[in-house]
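In my numbering, the protein residues as written are 1 to 313.
None of these hints come from the bench; they were simulated from the model. Remember, it's a predicted structure, so these values are computed and weren't measured experimentally. All C-beta atoms in this analysis are idealised placements derived from N, C-alpha and C, irrespective of residue type, glycine included. Don't take each hint at face value.
[As the list claims (entries may be wrong)] Here are the in silico distance ranges between beta carbons for each label pair:
id : residue 1 : residue 2 : range
1  : Ser39     : Arg244    : 23 to 33 Å
2  : Asn266    : Ala143    : 18 to 28 Å
3  : Gly70     : Gly134    : 17 to 27 Å
4  : Arg132    : Arg313    : 31 to 41 Å
5  : Ala234    : Thr291    : 17 to 27 Å
6  : Pro233    : His107    : 45 to 55 Å
7  : Ala186    : Asn248    : 16 to 26 Å
8  : Lys192    : Ala234    : 11 to 21 Å
9  : Thr92     : Arg118    : 25 to 35 Å
10 : Ile119    : Lys192    : 28 to 38 Å
11 : Pro285    : Ala143    : 43 to 53 Å
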Amino acid sequence: MPELPEVEVVRAGLAPAVTGAVIVGVEVFEPRSLRRHDSASGHFADLLQSRGVLAAVRRGKFLWLPLDSGRALVVHLGMSGQVLLRSPGSDTDRHLRIRLQIEHPEHGELWVNFVDQRIFGSMAVDSMQPTRDGLTAGYSGLAGGATGADGLAGSGLGWSGLIPSQVAHIARDPLDPGFSAPLFLAALARKKTGIKRALLDQTLISGIGNIYADEALFEARVHYEQPADSLSPAKGRALLGAVRSILNRALAEGGTSFDAQYVNVNGQSGYFSHRLNTYGRQGLPCPRCGTLLVRQQFMNRSSHLCPRCQRLR
DNA sequence: CGGGTGACCTGCGCGC
DNA sequence: TGCGCGCAGGTCACCC
Numbered sequence: 001m002p003e004l005p006e007v008e009v010v011r012a013g014l015a016p017a018v019t020g021a022v023i024v025g026v027e028v029f030e031p032r033s034l035r036r037h038d039s040a041s042g043h044f045a046d047l048l049q050s051r052g053v054l055a056a057v058r059r060g061k062f063l064w065l066p067l068d069s070g071r072a073l074v075v076h077l078g079m080s081g082q083v084l085l086r087s088p089g090s091d092t093d094r095h096l097r098i099r100l101q102i103e104h105p106e107h108g109e110l111w112v113n114f115v116d117q118r119i120f121g122s123m124a125v126d127s128m129q130p131t132r133d134g135l136t137a138g139y140s141g142l143a144g145g146a147t148g149a150d151g152l153a154g155s156g157l158g159w160s161g162l163i164p165s166q167v168a169h170i171a172r173d174p175l176d177p178g179f180s181a182p183l184f185l186a187a188l189a190r191k192k193t194g195i196k197r198a199l200l201d202q203t204l205i206s207g208i209g210n211i212y213a214d215e216a217l218f219e220a221r222v223h224y225e226q227p228a229d230s231l232s233p234a235k236g237r238a239l240l241g242a243v244r245s246i247l248n249r250a251l252a253e254g255g256t257s258f259d260a261q262y263v264n265v266n267g268q269s270g271y272f273s274h275r276l277n278t279y280g281r282q283g284l285p286c287p288r289c290g291t292l293l294v295r296q297q298f299m300n301r302s303s304h305l306c307p308r309c310q311r312l313r
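Could you build the full structure based on these sequences and the hints that come with them?
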C-alpha cells in the first residue's frame, strides 16, 4: 500500500490494536523481507520478543511502532505490502512473509500478518534518534502530537520526539503539523529539476507517489517536466494546496484500491479510485476540457496528463 | 549536484 | 492452452 493515504489507513487501523500490546511471538517466513534490518544490532525476532508496543507512528510512507526497549519496529510497505490483523489460528494469507503474535490487555491475542507479494516492502528493528527540529517525529493519531502526554519522564517528547535512524532522511509530509510550507516552497524554487521528480523526492516532501503526483499536477494544471524553479510563487502554493487536498480526499475515502492489493488492516479496499482524474485514464477524455488524456514514460514509470491543460511553459 | 539506468521481486492481463 | 511481453502504488545504489 504505497502512498501516504494508504499507509495512514494502515497506521490508523493498527494503532488501537497494537498500542499497549506485548509481542509474544515472531515468525519470519521470508528473510528477504528483513532487507532493511541491520542484524549487527541483533536478531530481528530477539529484538521484538516480549517487548511492549507504545504507539503506531507514520511519516510519509514509513510506519513504525516504538517499543519499550527504546527501539522501533519499522514497516515499509513497498509496492505490495499489507499489514493484516488476524485471529490466532486463521488460515495462512498468501504471500505471508512475517507474523507477529501480540497479546493486548483488553483485546487478547492477535496476529499481525505482514503480507507482501513483491517483497519490496520490509520490516526492521531500528535504533532511534532525536528529530533534527526537535518536534514530534511523525503522526500517531494523538492530540497535540503527544507532546508531553506520553508519560515518559525526562526530556520532552519521549518516543514521540525520536525517529528511527533509517527514516531520519525522510522529509516531513504535507499533512504533518511540523511541515513548513514556506521552507518547502523555497527549496522547490531552488530546484532546477522537473516538478514531478521533486514531488517524488522523499527527502524534499514525503508521502507522494506516482498516483497522487499525477493527480496533483493535473489539478494545478502543471506539466510533470516543468522545471521546479520556473513555477511562480502563486503556482507553487497552488500545487502544494492541490497535493494536500488530494491526499486528504483520498484519506477520507480510505485510499486508492484498484484491486485487493491495497487494503486496510481488515482487508478492506478504499474508494478513491473513483475520484481519479488522470491516473490510469489514458485514452479517456479530460474531465475538464475533453481532450484525450495521455500516458508518457517518465523515470521508468508512467506519467498521466492532459496535453492541453498541462502544457510545458 | 542532477538525471539516467538498473536492481530488487511476483503476478496479472493481454495478444499471438 | 501456453508463452512472451508489458505493466504495477517504491526505494536504493551506482554511473556519468
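- prompt: Taking each numbered hint in turn, which are not upheld by the structure, reported in ascending numerical order?
  reply: 1, 9
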